[in-house]
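With chain R held as given, fit chain B onto it using these hints.
2 protein chains.
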Amino acid sequence: MKIGILGSGRMGGNLGTLFAQLGHAVTFSYSRSTLRLDELARNAGANARAATPREAVTDADLVLLAVHWTQVEHVLGQAGSLAGKIVMSCCNPLNAEDTELVIGHTTSGAETLAARLPGAHIVAAFQATPSEVMFDVFAARDRALRPSLIFCGDDAGSKAIAADLINAVGFDPVDAGALRIARFIEPFGMLSGVLAYDTDQGPEWAYRFGRLDRLFG
Amino acid sequence: MKIGILGSGRMGGNLGTLFAQLGHAVTFSYSRSTLRLDELARNAGANARAATPREAVTDADLVLLAVHWTQVEHVLGQAGSLAGKIVMSCCNPLNAEDTELVIGHTTSGAETLAARLPGAHIVAAFQATPSEVMFDVFAARDRALRPSLIFCGDDAGSKAIAADLINAVGFDPVDAGALRIARFIEPFGMLSGVLAYDTDQGPEWAYRFGRLDRLFG
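From first to last, the protein sequence lines are chains R and B. When the first sequence is numbered by our numbering, its final residue is 217 and no position is left out of the sequence of numbers. When the second sequence is numbered by our numbering, its final residue is 1217 and no position is left out of the sequence of numbers.
One chain only, chain R, in its complex shape (with noise of 0.2 Å):
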């Protein structure tokens, strides 16, 4: 699959490295650095490039956008058009200073990028997982416990090939549904990023969810 990646950086640079070594063409761009975004690439292996927003997109079958919610406006009009494009959005849909949502409770973050790029399907994942977790999560993929990742979308197919993606780079995909039930995973989001990062424990937080017969295998 040809994947770009608008927003190289932690989140979007790690799992762009994962997607490159599971063999996928990723096409890294928009990081405030161009000499961090070829040394990106160049780590991430054969499989990976650097280029611009624009040509990220082009080609791209997938694109994974994982900007700050302050950025969002400016890489999309760089980016171009992406309708008929698969979108897998990390974003929360966060404040300057990472402290709120600036919208919530009857709309979402997910919601309104959809209603920004028409013709796009939209799926929103990896809202609740600090990415500081994913190479160590890729690292563990084939252990029989596996950390969840939650995601929701609109279009079936689009939601069949990000659930492969989140398989593949060592995580249980859980489809929550429709893209609206992001109102309810981006506060998740918050609260990740709270039991995470406001404690002297380190980021490698995860989570699973299930039934309680198979919660623990």
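Do not take every clue at face value.
Said to hold, decoys possible - Pairwise CB distance ranges (calculated):
1. R:Gln201 / B:Pro1203: 30 to 38 Å
2. B:Lys1002 / R:Gly157: 54 to 62 Å
3. R:Asp142 / B:Gln1078: 55 to 63 Å
4. B:Ala1178 / R:Asp155: 37 to 45 Å
Unchecked claim - To be clear about the criterion: a stretch of chain R counts as covered by chain B if any three or more of its residues have a C-beta under 8 Å from a C-beta of chain B, and this derived list gives those stretches:
5. 133-144
6. 163-177
7. 182-190
8. 201-212
Everything labelled a hint here was simulated from the structure, so no lab data went into it. Since the model is a prediction, treat every value here as computed from it, not as a measurement. Backbone N, C-alpha and C fix where the C-beta goes; we use that ideal spot for every residue, glycine too.
The following block gives chain B in isolation, referenced to the frame of chain R:
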């Protein structure tokens, strides 16, 4: 401990029964049916009784508030003052159809409750765990891996007592911090409801949170 139950439906009934079995003096109150209230108390054993909301709270060290959000004003009107009490609230601020939160984003049910009950020590807990899983979790409480139970509140002493109860009924308590974090926990409660009730796998749903290296023991 003397525990008063305001709202003896499934959640109040199940938790109150477990508290009574653990040796606490439990007073059930506020059920749609007096017959069912009496039966609940009888089935919960020698430590349990049925009474009015006012009687349930009079001598209580801790009050469990477990009514539907639409009934909160009604039961609080019957209960009288809760000043000085620990009030462990399971309430999610749901509409009558259980489909939406009626408040959120910039406040929460738990914060609203704290404003409504000056002098009470509110601990928000059991928002995101179906009542149907309680007895099975209790039965498995000696296993190495337990489900988590997220809670929050502003009074450290009250939270410590709530955490002991959460632990005693078989969950690993997870302190999310101040009461305002209920803004994130209540939507997570909605998410848990979607995952527990909107599938055909049964409502015995639970979750576990933690650092990856200890998530599975």
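Taking a Cβ-to-Cβ distance below 8 Å as contact, does the region 133-144 of chain R have at least three residues touching chain B? holds (count 5)
Claimed coverage, the region 201-212 of chain R by chain B - three or more beta carbons nearer than 8 Å: holds (count 11)
Do the beta carbons of Ala1178 (chain B) and Asp155 (chain R) sit within 37 to 45 Å of each other? holds, 38 Å
Return holds or violated for the Cβ distance of Lys1002 (chain B) and Gly157 (chain R) against the range 54 to 62 Å. For Lys1002 (chain B) and Gly157 (chain R) the Cβ distance comes to about 57 Å; the hint holds.
Range hint 55 to 63 Å (beta carbons of Asp142 (chain R) and Gln1078 (chain B)) holds or violated: Cβ of Asp142 (chain R) to Cβ of Gln1078 (chain B): about 56 Å, so the range 55 to 63 Å holds.
Coverage of the region 163-177 of chain R by chain B (three or more Cβ within 8 Å): holds (count 3)
Between the region 182-190 of chain R and chain B, see if three or more residues pass the 8 Å beta-carbon test, and mark the coverage as holds or violated. The restraint on the region 182-190 of chain R holds, since 7 of its residues have a Cβ under 8 Å from chain B and three suffice.
Just tell me: holds or violated, for the beta carbon distance of Gln201 (chain R) and Pro1203 (chain B) against 30 to 38 Å? 31 Å Cβ-Cβ, so the 30 to 38 Å window holds.
The structure shown violates none of the earlier numbered hints.
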